[in-house]
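A.B. asks: One-letter residues, chain by chain:
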Amino acid sequence: MEAKRNEDRLWRSWNEWVDTPELKAQTQREFAPEAAPHSDFVSRRQFLKLMGASLAMAGLSACGYKPQGPIIARAKIPEEALPGESLYYATAVTLSGYAKGVLARVYEGRPIKLEGNELHPASLGATDAITQAEILNLYDPDRSQSLLKFGQIQPWQVFTSELTQQLALQQAKQGAGIHLLTGVITSPSLAAQIQAFLKAYPKAKWYQWEAVNNDNLYAGTRLAFGEFLNPIYRLRQAKVILALDSDFLYMGPAAVRYAREFADGRRVRENQREMNRLYVAEPMPTVTGFTADHRLPIHSSRIGLLAAAIARAINAPIQINATGQLTPDEQKWAEVVARDLMAHRGESVVIVGEAQPPEVHAIAFAINAALGNLGKTIVFTAPPEAKPTLCTEDIRTLAKEMEAGQVEVLIMLGTNPAYDAPADLNFAELIPKVPFSVHLSRYTDETSALCVWHIPESHPFETWGDARAFDGTVTIQQPLIFPLYPNTRSALELMATLNGQGGKQPFELVQSHWKSAKIVPDAQFDAFWRKSVHDGVMARTALPVKTVALRTNLSVNLPTWTAEAQLPQPTPTSLELRFAPDPTMYDGRYANNTWLQELPKPVSRICWDNLAFMSLKTARELGVVGNEKVAFVHDSAPLIQIRVNGRTLIAAAYPIPGHVDNAITLHLGYGRTRAGSSGSGTGFNAYTLRTSDAMWFTSGAEATTTGQRYPVARTEEHHLIEHEQLDSLHHRPIMLIGTLKEFNDDPHLTKKRHGESGELPSMYRGYKYDRYKNPNNYRYAWAMVIDPTVCTGCSACVTACQAENNIPVVGKTEVIRQREMFWLRIDRYFKGSPDNPRTYQLPVPCMQCENAPCELVCPVAATVHSEEGLNQMVYNRCVGTRYCSNNCPYKVRRFNYYRYTYYRQPVLHLLQNPDVTVRGRGVMEKCTYCVQRINRARIQAKKENRRIRDGEIVPACQQACPTGAITFGDINDPDSTVSRLRREPHLFTMLEELNTRPRTTYLAKIENPNPELNMEAHDAGSH
Amino acid sequence: MQEAIKARAIQEPPLFEREQTYERITAQIGDIPFDRHPTAWTITFGLGFIGTTLLIFALVWLVLIGTGIWGINQPVAWGFAIINFVWWIGIGHAGTLISAILLLMRQAWRMSINRFAEAMTIFAVMCAGLFPLFHTGRPWAAYWLFPLPNWLALWPQFRSPLEWDVFAVSTYFTVSVLFWYMGLIPDLAAVRDRAKSQLAKVISGILSWGWRNSAIHWMRFDSAYLLLAGLSTPLVLSVHSVVSLDFAISIVPGWHVTLFPPYFVAGAIYSGFAMVLTLVIPFRIFYPKLREYITMHHIDMMAKVMLATGLIVFYGYMMEAFFGFYSANLFEKGMITNRMFGPYWHVYWALIFCNGLVPQSLWFPKVRHNLFWVFIISLIVNTGMWLERFVIVVTSMHRDFTPSAWGMYGPTFWDWATYIGTLGFFTMMMFLFARFVPMLAMAELKDLWYRLYGHRGGHDGHAPAGEPVHTPTPTSGGGA
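Quick mapping for you: the protein sequence lines, in order, are chains P and A.
Just so you know, our numbering puts 220 at position 179 of the first sequence, and the rest follows in order with no gaps.
Just so you know, our numbering puts 449 at position 458 of the second sequence, and the rest follows in order with no gaps.
Everything labelled a hint here was simulated from the structure, so no lab data went into it.
Note that CB positions come from ideal geometry on N, CA and C, so glycine has one too.
Warning: the hint list may mix true and false statements.
Stated by the list, open to error - Below, a sample of chain A positions facing chain P; criterion: calculated Cβ distance under 8 Å:
| id | residue |
| --- | --- |
| 1 | G59 |
| 2 | L136 |
| 3 | P138 |
| 4 | A144 |
| 5 | Q148 |
| 6 | P152 |
| 7 | E154 |
| 8 | W209 |
| 9 | R211 |
| 10 | L321 |
| 11 | T393 |
| 12 | S395 |
Said to hold, decoys possible - Listed next, the in silico BS3-like pairs over lysine-lysine satisfying Cα-Cα at most 30 Å (straight line):
| id | chain 1 | residue 1 | chain 2 | residue 2 |
| --- | --- | --- | --- | --- |
| 13 | A | K280 | P | K793 |
| 14 | A | K324 | P | K792 |
| 15 | P | K587 | P | K559 |
| 16 | A | K280 | A | K192 |
| 17 | P | K559 | P | K545 |
| 18 | P | K417 | P | K428 |
| 19 | P | K872 | A | K324 |
| 20 | P | K214 | P | K587 |
| 21 | P | K214 | P | K417 |
Bound conformation, chain P alone:
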C-alpha cells in the first residue's frame, strides 16, 4: 500500500519531488547511501530514488547502450563483438581541460574499467587514481538528468526557444551582454565553436575559471620570457631534481608521465646502480615530498627566499629584491642543494608549484637557465589551452561586470563558481542578478541552484569530443555508451546549439572540425581519422618545442610581503594558511565520487574529509593535542576556528608529521552543499577563506579550539606520535631500507640486515608443484615483486584494484570502524623526528603465501591453495568465521560485515566487472592477483597452444602504476621479469621469519641522500 502511494506520487508530481525538502536533506547527507545499508529498511526516499533509477534503466533498455556514430575498436577483433569478450576503446579523461589518454574496457556495451593508453604522452600506459575513478562518475546515480528552469523540469524546446529569444535580443547589440564562463578549454573543436560564437557576437566575452589554475606559472613565464609558456620537464635526464612547493609527481596534467620518468631515473638493480636525487621544499607533505631524498618543511611564503638563496649561490642571471632571512638550517640546505645542482649542469631541474607567485617561477627559470637545463631537462611549448589566460583575472573581471549589471546572458559550461570562486567576489550572490543564466553541468550543483537554467551535461564517455594533453597532443574522445539520460548534452553540443547547429550530431561536429583543420590532405583524412581515433592520439598535434631565452636584465621583487620592512614571520598567533588542491577531490569536482572519497589520501590516509593539517608542535601550541604522550589519536579530531582577514571557518585540526610549524594547510574541494548524496556535507569548505588576492597562501591567520570534536575516518593509526616504548615498528621486518651508498658497497642488503635467509623448515608438507616440470603441461607459479624505491604512494593502484574487482565503498562510519574493503592498501611508515620524518610507503596486496596461515584455519575450505600457488578465496563456500583474517599476519583480508555492494542503485550495476564475483554479506575477500586476468590470458594461450608469455598478464594494480613499481609474472619461467627481480640481491620478504614464504616480495627501499646534509633522519632506525 505504502509502495503504491509512493509510486503514485512519483508519477503525479515529479517536479515537486525535485524541490522537496527531502531532496535537500538528501543532498546534505554526509555519507554514501551504501555506507549505511544496515541503518534502515527501504525508506520512502530510497524507494523514490530506486524508482527514479529504474525509470532511467527502463529508458535505457529501450535505447540500448550502443553509442552513435562510427566508433572504432582498438583490438584486432572480428566485426562484431564476441559475447563475453570486452572491447577496448581509446579515449581521454580530462581534468581542468587537460587530457589523459585511457583505454576503456567496454563489456557488452558498457564501459567498466579504464586503463592507461601507452601511446598517449600523459599516460604512457598508466593512470592516476582520479582517472581510474572517472568511470564511476559516468554511473553516478546523482547525475543530473533533466533540464531545470528555476528547479522545475522543462523540455528542451522551452529552453531553445527562450535561448533564441535572448540571442535575438543580444544580436542587436552585438552580444554585448553575453558572457561565457568555462573551465580551461583545450578542446580544439569546442574552442572553434566558441570562437565562431564570439565572431557572431563580437562584443560577447569569454572567461575561463579554474580554482586550481596555472596563473602563477603563466605569469612567471611572462615575467621571465615575455610570453605565456608551457614548461615540460624531461625528468628521465635529470639527476638532481629540486621541487619548490611542487607536487609534480602527483598533481598536474603530466604527473603520470613525470612519475614514470622520475622512476626510470631511480630504479636500482644489481646492474643498475645509479639513481636521481630529489630535493623538496614545501610546507605540507605531499606525495612528492614523501618521495624525496631530502625534504625541507618551509612556509610557502618563504620558498621565494629559498629560491633566491639558491639563485644567488648559482649566480643565476636574475636580480632579486627580497628582504627576510632564512634560518641557518634553511640557508645550509639551500647551499648544499645549489652545490648539487651545479655539479649536475644540464642534468638537473628546478620545478616550482602552482602556488608560488610568478616571481618564484621566474627565479626558477633563471636557475634552470644558469644550469644549462633549458632545452635539456626543461623545454617550453606554447600553452595547449585554446585561450591561455589568467583565471583569477578572468573571474574577477566577470564578477565586476556582473556587479555592474553588464551581464545579461551568462552561459556557464561545466564550472561551479558559486562554490569555488574566490570568497571576496561573492560570486554566489552575483549569479541571481543575471537575468538569463544558463549552467551546463553534470550535477545540479551550487551554481545550478542559482541559475535560471540548468542543463544536464553528458559525461565525456557518452559523446564525441576532443582534448589536448599537457604537450598539446590531441585525443579524440569516442563515446563508449549511449547517453544514460536522454536529455544530457555536452558543452560542444550546447555551443553548437548557440551557433545554430543544434541539429548536428556531436560526431559530425568533431570530425568536421578536424577535416577543416587540414592536418593531412583531404584524401588521407579518413585513414588519419581512423588511426587517430583508434590510437587515442592524433599524430602531429603535439605542440612544437619553442626556443626561448630569458629576458635580459631580469629583475624581480619578491611580492608584497617584501614591501613591508620585515617579512611577517609566522607565529602561533599569526599562522600561515595554505590552500592546496585535495589529493582526491582536486577542486571539489569529484565530491560525489565515492571511490575518491573513500580512497585514503596519499599523504594523510584520511578519507571522506579534508582537515586543517598542521605540525605536531603547532597542534600542541594551539591546544589541539595535549602535551601528553598519546599513543594514538582517536577517531575524532578537535574542531578549531580559523580566522583570517575577517573570514572564519570551523575545521577539524589534525597534526601531520613533517608539516611546517606555525602554518595550517587546508585542502580545497570539501564542504560542498550540493554535490550529490555522497559528497554533500563532507569536510570543510576552504574556499570560504580563499580570496582572489591570496589564492594559495596568506598570513596572519588565527586559530582557536572550539572544544568540540569531529569524527575522522582514517585507514591507518597515527603511529608516529609515540610508539617508542612499544618498540614496535623500527625493528619489525616490514620493510628493508637502505641508501644507495650502502647498496653500492654491498648490494646484499637483505643478507646484511637479516642474515642468511634460505628456506626455513615447516611442520606442514609444502605444496608439491611437480607438474611444473612436465614440459607438456603448462604450469605456472605466479608471483609479484614490488619496488618501494619508485613507489610514490599515489594510490592509483588502489583505485584500479577497486574498479577491477568490484570492491564496494563502505562509507565514513564504516571506515571509522576499520572496515574499509581495499584489497590493496598502501602502508605508510615514518622514521625519525615528527618534525620532518623520513616517510616510507609500501603497497600491500595479498602475499599469496606458500605456507598460508589463512588456509590452515578455515573450517570449510573456503580458502585453498591453487596449483599455481595462489591462495584462492571461494566466496560461495565462505561462511564467515573470519579466522583466516585473524591469522593473516599481513592483515590483507577484508570482510563484508554488511551487504556493502550497491544493491539499491541499479545504475551502478552497469559498472560491475562481470569477470569478478560480486560478494555478498558475510564473506571474506582479498586480493586474487587479478585471477580473472590470469584466466583470460590462459584461455588465449590454450587456444594458441602455447605458454602464457611474460608480461601478458597485467594485474590492475600493475597496469595503473605510473612508476612501474609492481611487476607480476611466472617464476616457473626463469627468464621472466619477475624471476629476474626475485634474484636481485636486495629482495626482501615481509615478515620473513614467520616462514609464510610469500609470493609477493619486495625490493629494498633505496634512498639517495646527500651526505652533506644531515644524515640523522636517514640513519635513525636503520637496522
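Take the given structure of chain P and dock chain A to it, following the hints.
C.D. replies: What follows is chain A alone, placed relative to chain P:
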C-alpha cells in the same frame, strides 16, 4: 571403599545440616516443584525472560542486517562473540567436573550440587553454542562445518581448530545432557509418584521411562551412570583444550601459546565453580530447604577448588608474561608489553586483580565461611574470567604483526545485548529448572545418607530395609 568415604565424611564437617530420612529428603527436595515459588523466583525469572527476549531481538537483527552491528573489524575480527563463547564453555566445565571426575574420585560432597551444576553446564553450553553459530557471517550456511555428505563431495577442512570445536562442543553437549537426564530418571520417578496433577504425572511418567525402583533398574542405572562418567571425564579436559586450540593453533602472538590447553582447562573449572557459587548462594536463600543439603562445608570445598584452579590460572598469566619477555621474540614482547601498557592496560590489570589477587583471600577460612564474601568473590572471578578472554582475543588481535593494520576494538549496543541476552537466557533456564525438576539428586543424597549413617536416621520406621547400596524411596509405590 565405603568405609573410607564414611570415615572421611565423618571426620569432616557435616554434609547434611540435620538428621535425614529418605522420606525427608524426598519431601524436602521432591516437593519443591509442587510448592508455591517464592517471589524472588518470579522476579529473577522475569529478569531472565526479559534478557531472553533481548537475546532473540539481538539475534534476529543480527541475521537480518549482518555481523556489522557488532564492534568487530579488521584487525579485530573476533570480539564479544568469541569471548562469550569461551566464557560460557568454561562455566560449563564445573558441572562436568563435579558430575564426572568427582564421582570417579568418590567425593561425597559432590552429591548435593551435581544436579545443579550439570543443569548449569547444559544451559551454559547452550549459551556458548549460540555464539560460534551466530558470529559467522552467514549463519544460515554454518551447517557446512558439519561433515554432511553432499553431491559436491565437499568436506570440511579438518586441519582447522574451528572444525575440532564443532565436534568437541557438540559431543560435550550431548554427553552432558545424557548424563544429567540419566541421573534425573529415578528422581523423576519420585516426582511422578508424588505429583498431584494428572499432567505432571503423565509428563514425569513419560520422562522417567517407567522406572520402578527395581534392583535390576538400579544395577543398570549404576553401570550406565559410571560409564557416562567415564565418558565425560576426558571431555572435561578435551573440550576446553580444543577451545584453547582455536587460539593456540594460530600464529598470532598472544594466541600461539603451548601453555593454553592446561591453562584454559584450569580457567574453565575456576570460572565454573565461581558460577556454581554465584547460583547456589542465592538459591539457598530463595529455597531455605536446600540449606540442609548444601551446607557451609560445600561452599568451603568449592571455594577451595576455586582457589586451587585460580592459582593455576595465575601461574598461566605469569608464564605468558615471562615467555613474552624471555622469548626475545619481537612480536611476543610487543604483544605482552602492549597488553600491560598499551591502550587496553586497564583491562589487563583488572584481570590480574580479579583473577590473581582477589581469590587469594580464599586462603582464609573466615572468608570461605562468609557467604556474602564468597558470593562477591565468585562474581569477581566470573568477571575476571570474562576479562581474561577479552585480553586474549582483543589485545592479541588489535596490534599484531603489521603495524599499519593496527586498530582498536569496542563493543556496540548489540554486543552487549547479545551478551546480556545470554545471561538472561541462562538465568531463565536455571529458574525453569528449579521450577520443574528436583534441584538436587535425591537418589544420590539418600544413597549418601545411607553410606554415611546407615539406617540411623530411619527413626520413624518407614524406611524399609532394602537393597543396601541404593535405597528405594519410601513413597515410591512401584511401577507407573
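A.B. asks: Enumerate the violated hints, using their earlier numbering and listing them in ascending order.
C.D. replies: 3, 4, 8, 9, 13, 20 and 21
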